[in-house]
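Those protein sequence lines, which keep their order, are chains H and F.
Residue numbers are given in our numbering: position 39 of the first sequence equals residue 216, and the series is strictly consecutive.
Residue numbers are given in our numbering: position 60 of the second sequence equals residue 82, and the series is strictly consecutive.
Among the hints, erroneous ones may be present.
Stated by the list, open to error - Okay, the calculated beta carbon distance ranges per label pair:
| # | chain 1 | residue 1 | chain 2 | residue 2 | range |
| --- | --- | --- | --- | --- | --- |
| 1 | F | V31 | H | V305 | 17 to 27 Å |
| 2 | H | D453 | F | D60 | 47 to 57 Å |
| 3 | F | S41 | H | V504 | 20 to 30 Å |
As the list claims (entries may be wrong) - For lysine-lysine, the following PhoX-like pairs were computed, each having C-alpha atoms within a straight-line distance of at most 20 Å:
| # | chain 1 | residue 1 | chain 2 | residue 2 |
| --- | --- | --- | --- | --- |
| 4 | H | K377 | H | K447 |
| 5 | F | K25 | H | K447 |
| 6 | F | K25 | H | K246 |
| 7 | H | K500 | H | K447 |
| 8 | H | K246 | H | K410 |
| 9 | H | K447 | H | K410 |
What the hints assert, rightly or not - Sample of chain H residues with no beta-carbon within 10 Å of chain F, all distances over it, derived:
| # | residue |
| --- | --- |
| 10 | W229 |
| 11 | L236 |
| 12 | S300 |
| 13 | R329 |
| 14 | G349 |
| 15 | L416 |
| 16 | L423 |
| 17 | P454 |
| 18 | I460 |
| 19 | G470 |
| 20 | T472 |
| 21 | V501 |
None of these hints come from the bench; they were simulated from the model.
All C-beta atoms, glycine included, are put in the ideal place defined by N, C-alpha and C.
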Amino acid sequence: MVGAASAAAAAGVTEMADKDTKIGAAIAAATCSLLGTATPGVSIAADTQAPWDVESAFLYYGESDGRVKDMSVSAQATRDYGDERKLGIDLSLDSLTGASPNGAMATNGAQTFTSPSGRATYSTPAGVVPLDDTFHDTRFALNGNWSQPLARLYTLNAGLGFSSEFDYQHLGANFGMTRDFNQRNTTLSAALAYAQDTVKPVGGLHAPLSQMTDAVDYGEDGGGGGGGGSDSKNVLDVLLGVSQVLGRQTVLRVNLSYSDSSGYLTDPYKILSVVDPVTGDLIGRTPAPGASGPTGVYLYESRPDSRRKEGLYAEMRHDFSGKVLQVGYRYSTDDWQVDSHTLESRLRPARPGRRRGPASRPPPPVSRL
Amino acid sequence: MRKLIVLAVVCVSIQGCASLGVEPWQREVLARDDMQLDANALDTAFDDHIYFSKEGTSGGRGFGGGGCGCN
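The following block holds chain F by itself, in its conformation from the complex:
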């Protein structure tokens, strides 16, 4: 049931997207390096490593990475 709700929310969100967004000439801020979703990849990888060790779970942002790094 929860999966269906999530799916429905995602579908509705995608439909709603058609009216969202900016024109190509309005991207001066969005085009900046630090506004990219993959900016600071090394920092976020470090954080994900700590979360993985402390929460017993991984992934989400991207794929859970390789290795154990167990403690």
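Same shape as in the complex, but just chain H:
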């Protein structure tokens, strides 16, 4: 393994159980990883390891009928400084395109909406769920994480993260500790993360439940019922975990998580249809003379300004003579009454691996999305 580059391809098999969400569209998701050992340009002495270990991966996710498509590239570089001191750097670039539902309901007639920029309109035929096809986003994310032993059996890790989209910025920091017990067969971990995000919607911030107005094709800040400006969102996360070696081929991990978000949690691009309480028909609206604008009454969304989530995550890895089966389950509930159950399994073909230990240690809980 010393100095020699190795490459392997791995395909992930993912299952997803949605209790409350229906994804009507056929979904094709494929992930592919290319794993390689980075070798520096200079030759390496036989008794030293390559300092950087680099992995990269590509994701294509597509829904049918012109809906959301996502292409992502990620790279993760890890440098081992010896004595279990490690630096990790993650980079990822994410590109989202396609049409996304704007939140309005399908009606018997054609509908017209003002686009998020507030400078144009788009229309939806009768009987079709309105989609906003101006939806697109490019995200760049950079994370750094450091971990090192603090004392025998204790490990410390700390990280910083940054991500940027044209209408969203994220800054985050995390800190965690782990403690091994029981001949390192059991590990307890605790971690904290804090994030400060800024939302700067295209077309400006809309007052909660304000009405969508006619398109305005001049002005720096656009129109659409809102001015410019930005708002912020703060997220505090706490994670408590235990991992346990169950046998020579089996390891289990259980995490409890708590997350408290506050600030601007609304999706600035989603709207509500206002309908007649008796007939259920959309209440009509006539654009001003000479202007183009919505043909119904639509209100910009207003979500609560705080959200508390609790979650339970359990994962087991078992080795079947070289093949590794990974099964995970996540339950999440919050005070917005969003409950989700996610069941996931992967079977990995046997591949030559380098040794690392001890096996009971959980990963540093760094943000990687």
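Model the placement of chain F on the given structure of chain H, informed by the hints.
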């Protein structure tokens, strides 16, 4: 109440752990790269991104990551 039950289960599990596990010389499989809990971090991050978008929730495995990636 549910939190208490979860806490009790966790406590009992931790106590039970003292009799679980392997000796240091029995770790030849556990020490393998693909048996680490953080193996395939990039793959799992991609999956978490999809779950986040489709389920309206995030986190669990680690921290919910940065950015909106809304749709």
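Hints versus structure:
1. F:V31 with H:V305: 17 to 27 Å: violated, 48 Å
2. H:D453 with F:D60: 47 to 57 Å: Given range 47 to 57 Å: holds, Cβ gap about 54 Å.
3. F:S41 with H:V504: 20 to 30 Å: holds, 23 Å
4. H:K377 with H:K447: holds, 15 Å
5. F:K25 with H:K447: Cα-Cα ~34 Å, so violated.
6. F:K25 with H:K246: violated, 39 Å
7. H:K500 with H:K447: The hint is violated at about 45 Å.
8. H:K246 with H:K410: Violated - the C-alpha atoms of K410 (chain H) and K246 (chain H) are around 26 Å apart, more than 20 Å.
9. H:K447 with H:K410: holds, 18 Å
10. W229: Holds, since 15 Å exceeds 10 Å.
11. L236: With a cut-off of 10 Å, L236 (chain H) comes too close to chain F, as the shortest Cβ separation is near 4 Å.
12. S300: Given a closest Cβ separation of 21 Å, the condition holds.
13. R329: Nearest chain F Cβ is 15 Å from R329 (chain H), so the label holds.
14. G349: Violated, because the least Cβ-Cβ distance between G349 (chain H) and chain F comes to about 5 Å, which does not exceed 10 Å.
15. L416: With a cut-off of 10 Å, L416 (chain H) comes too close to chain F, as the shortest Cβ separation is near 7 Å.
16. L423: With a cut-off of 10 Å, L423 (chain H) comes too close to chain F, as the shortest Cβ separation is near 6 Å.
17. P454: Check passes; 27 Å lies beyond 10 Å.
18. I460: Correct as stated: the minimum Cβ-Cβ distance to chain F is 27 Å, above 10 Å.
19. G470: holds, 24 Å
20. T472: The claim stands: T472 (chain H) keeps its Cβ more than 10 Å from every Cβ of chain F (closest is about 25 Å).
21. V501: Per Cβ check, V501 (chain H) is inside 10 Å of chain F; nearest 5 Å; violated.
Violation of the numbered hints given earlier is confined to hints 1, 5, 6, 7, 8, 11, 14, 15, 16, 21; the remaining hints are satisfied by the structure.
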